[in-house]
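Asker: Here are the chains, one letter per residue:
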Amino acid sequence: MNGEAPRPHSQEARISLLGCEAVLFDVGEARFDDLLQRRVWAACEAAAALDGVREAIPGMNNFSVSFDSGRWNPDAIASALRGIWAKVEPAAESGRTFEAPTIYGGPAGDELAELAVRIHLSIEETVRLHADREYVVAAIGAMPGFPYLAGLDPRLSWPRHASPRPRVAAGVVMVGGAQTGVMPCEAPTGWHCLGHTSLVLFDPERDPPALLAPGDRLRFIVEDIRL
Amino acid sequence: MIRILRSGPLNTIQDLGRAEGRRWGVSRAGAMDPVALRTANALLGQEAGEAAIEVAIFPFELRFETDCAVAVTGAGAASLDGRAMPANWAVRASAGQTLTLDQGPRGAFSYVAFAGGLDVPERLGSRATDLKGSFGGAGGKGLSTGQTLALRPSVQESGVPVEGYGVSFSALPARRMGVHGETRVRAIAAAEWGAFTDEAQRIFEGSIWTVSREVNRTGYRLSGPSLGMRMPLELLSHGLVPGVVQVPPSGQPIVQMADANTAGGYPKIATVITADLWALAQARSGEAVSFELVSWEEAIGAARELDRRLQDIDNALRAARERLQAAR
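Protein sequence lines, in the order shown, are assigned to chains A and B. All letters in the first sequence, in the order written, are residues 1 to 227 by my numbering. All letters in the second sequence, in the order written, are residues 1001 to 1328 by my numbering.
Keep in mind that the hints were calculated from the coordinates and are not lab data. Bear in mind the structure is a predicted one, so any value in this text is a computation, not a measurement. Every residue, glycine too, gets a C-beta built ideally from N, C-alpha and C. Just so you know, not all the hints are guaranteed correct.
With the Cβ distance kept under 7 Å, some of the chain A side facing chain B (calculated, not the full set) [claimed, not checked]:
hint, residue
1, Ser-16
2, Leu-17
3, Leu-18
4, Leu-24
5, Glu-55
6, Ile-57
7, Pro-74
8, His-120
9, Gly-141
10, Ala-142
11, Met-143
12, Gly-145
13, Ala-187
14, Pro-204
15, Pro-209
16, Ala-210
Same shape as in the complex, but just chain B:
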């Protein structure tokens, strides 16, 4: 069991989300940065989609009530009983120890995964918290101070070495950076691309966009030059997926994120590709972002490349655990 000592309402339990809730209007939900979630679970040698705590509000603090291997990935700077942990690191924590996450130099979300996983019930096929529908995770809400969470017993020994181990930044998928240091995300043209003016099409790709303060798990509103349409368009509601870049009449784009509405009516200029959406999710308010249009083939290639990278990390960590165990 763990006890939450400090938290904000936007720290939630997340896994890889609900694959098939769209027929009921249920968002996918799941980790904003699935790359970091998968890395945390790989460090513990467990299923990639095991539920973990997604930390969006720092500082976040918990106390272990039982011994448990724990992995921390993503944005925050973690320490165990005041001793700093390297980034993307797993350790065996003992009952009574306190894990603290402070805001790190970069990124918006951290993930804290536990060997065995969090013992919360599945709802509609996932343990992810759906903040909109108020279900999943721990009672459909963010974690609050004083709350306790049960852990499922580890099926097998996690193999995490006593001294801890981790993944180096160079081994992890990196965000793509543009010439101005901005996070560069690839996108595929969407249904209304051609309905935007030539100038809007040019500035969509050619501008540096700023992540506004209006960001949440549903969408990131970006600010920059206004994207105009050849003529105003009032569309009937249609399906959306995470990554869709909508342009409301204000002309300022909104990127649908993990809790994307399953349908909407604003014109869509593009869709951020799956392989880059995690990097956009990790961009904080005030940070710069730019778009690069790619073909479907490039998008699929990027998705497969990302999967390969994560598989390589998983394999390397498994080999490292076996080596360490053999040496013992």
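So here's chain A without its partners, still in its complex pose:
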């Protein structure tokens, strides 16, 4: 995995094994960037087209590729992915726009007030920082239909809980680290809860089952703020 291909880009990609039949390709940039992510989507598409590659799934500033171990070894897949990354152009802007009617605060958003105190803003100002913008779906993962949304105001960034909260309901709007997202189903999470939306993100009877896909845009619409 140490065969270094020439890189026209400044960041050094890091490739690591994710078990026997998958690798994680980290583009080597700590800050999320829209243009970089569009290269990640394009690289995923190119990687998925390789013979013996099962899936290539975007993360945030990274993507994971599962491969047939009869066809690829870690060195070979690493150099193939480095080759793709060196050449790949950002995917064209595309995607649909969705609106998520949201009730901020209340029992489902019980950490909103704490966040406001934390960043020395009023609750209304905190909500406005979250709702008054368009987020880009950078990746889908963690839970069925869960969107990793890019575009969070850095002031709302909040390190995840040291230990996950055991149960958070579907539809809960959250922040975790520098990211925001919506809970698609009831599950544990280390993220902080700010509100609740009625948007249904996952339905196994729907084709595709996930409402959102990488490249889509999402806007939170303030329905109410409750204390």
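Fit chain B to the given chain A structure using the hints.
Answerer: Same frame as chain A, but now just chain B:
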């Protein structure tokens, strides 16, 4: 048809899981112990990934409403109408008979497979229950008392002898045991291995970990000495697979299991290899586990060796059925 007489909500229908749901954030799901599931289906001479009942909560009891060959593998101690069945055994059950599974001396999961398979619809390419997304299996939920499940008609005669037959423990893949009697699992270093302190790297491999009470199909939290990092790391979300050992800021590792989240943000110290993940899945709360780091080549070798063992079992059972049939 079968009728569930006693069950807990964590007893679910599982097969070998969903291969390609990650793009939608859908976990693989499937049997926690695929070795036991495959053995159960091999006993019935059917597809390795035919859906079966995964029993995690004992006692579990069902009644046959129709005649059906049935195989039971894994942790539990099974009896048919009160008569104990040997472990890893298949019999022809008759309508009206009751199958009971009690907690056995070892292991966490049992599998009950039926000739022909359970007649539940495929969802996103699998019959496995996805408890997180509430779909698959029987309505996306665990089995409950009184529930009935339809069986698909057997394509062919299962060949299971009337008197029953089984696989001996010595023929089955065994968990690897460490010097302290702990379950020893092999793992490959993961992305953040080098970001852990030298001491953390040493204790990860050198310590005996205890399976905590916080275990479910998504992950097993282990307890032991705290694994520290050279500096705190807040990562952007990235892909996960079953077997990944995450270390949240608490320093206590969580191993992602069959219902592994498809992405997460905690640092990853290692990934348990596929060939050993079933053995970890069968470790109960309070049991001891240790890790051994191996190379990719060793991990692949172990996976192929396990496949060969299961193929050998399948072949031996097929030969046994043919022998018994010829003798009849």
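Asker: Taking the closest Cβ pair, is A/Pro-204 under 7 Å from chain B?
Answerer: Status holds, d = 4 Å.
Asker: Let's test the interface hint: is any C-beta of chain B closer than 7 Å to that of A/Ala-142?
Answerer: It holds, given that the least Cβ distance between A/Ala-142 and chain B is near 4 Å, below 7 Å.
Asker: A closest beta-carbon separation below 7 Å is what the hint needs, so does A/Pro-209 meet it against chain B?
Answerer: At about 5 Å, which falls below the 7 Å cut-off, the nearest Cβ of chain B leaves the hint on A/Pro-209 intact, so it holds.
Asker: Have a go at the A/Leu-24 hint: is there a Cβ in chain B nearer than 7 Å to its own Cβ?
Answerer: Holds, because the Cβ-Cβ distance from A/Leu-24 to chain B comes to roughly 6 Å (cut-off 7 Å).
Asker: How about A/Glu-55: closest beta carbon in chain B under 7 Å, or not?
Answerer: With Cβ-Cβ at 6 Å, under 7 Å, it holds.
Asker: Report holds or violated for the interface hint on A/Ile-57, using the least CB-CB distance to chain B and a cut-off of 7 Å.
Answerer: 5 Å, holds
Asker: Does A/Pro-74 pass the interface hint, meaning its C-beta sits closer than 7 Å to a C-beta of chain B?
Answerer: 5 Å, holds
Asker: If you take the shortest Cβ to Cβ gap from A/Ala-210 to chain B, is it below 7 Å?
Answerer: 4 Å, holds
Asker: Identify whether the interface hint at A/Leu-18 stands, where standing means a beta carbon of chain B within less than 7 Å of its own.
Answerer: Status holds, d = 5 Å.
Asker: Is the interface hint for A/His-120 satisfied, with its Cβ closer than 7 Å to some Cβ of chain B?
Answerer: 21 Å, violated
Asker: How about A/Leu-17: closest beta carbon in chain B under 7 Å, or not?
Answerer: Given a least distance of 5 Å, the restraint on A/Leu-17 holds.
Asker: So, as I understand it, the hint says A/Gly-141 touches chain B; can you test that by seeing if any CB pair is closer than 7 Å?
Answerer: Check passed: Cβ of A/Gly-141 comes within 3 Å of chain B, closer than 7 Å.
Hint 8 alone, counting from the list given before, is not met by this structure.
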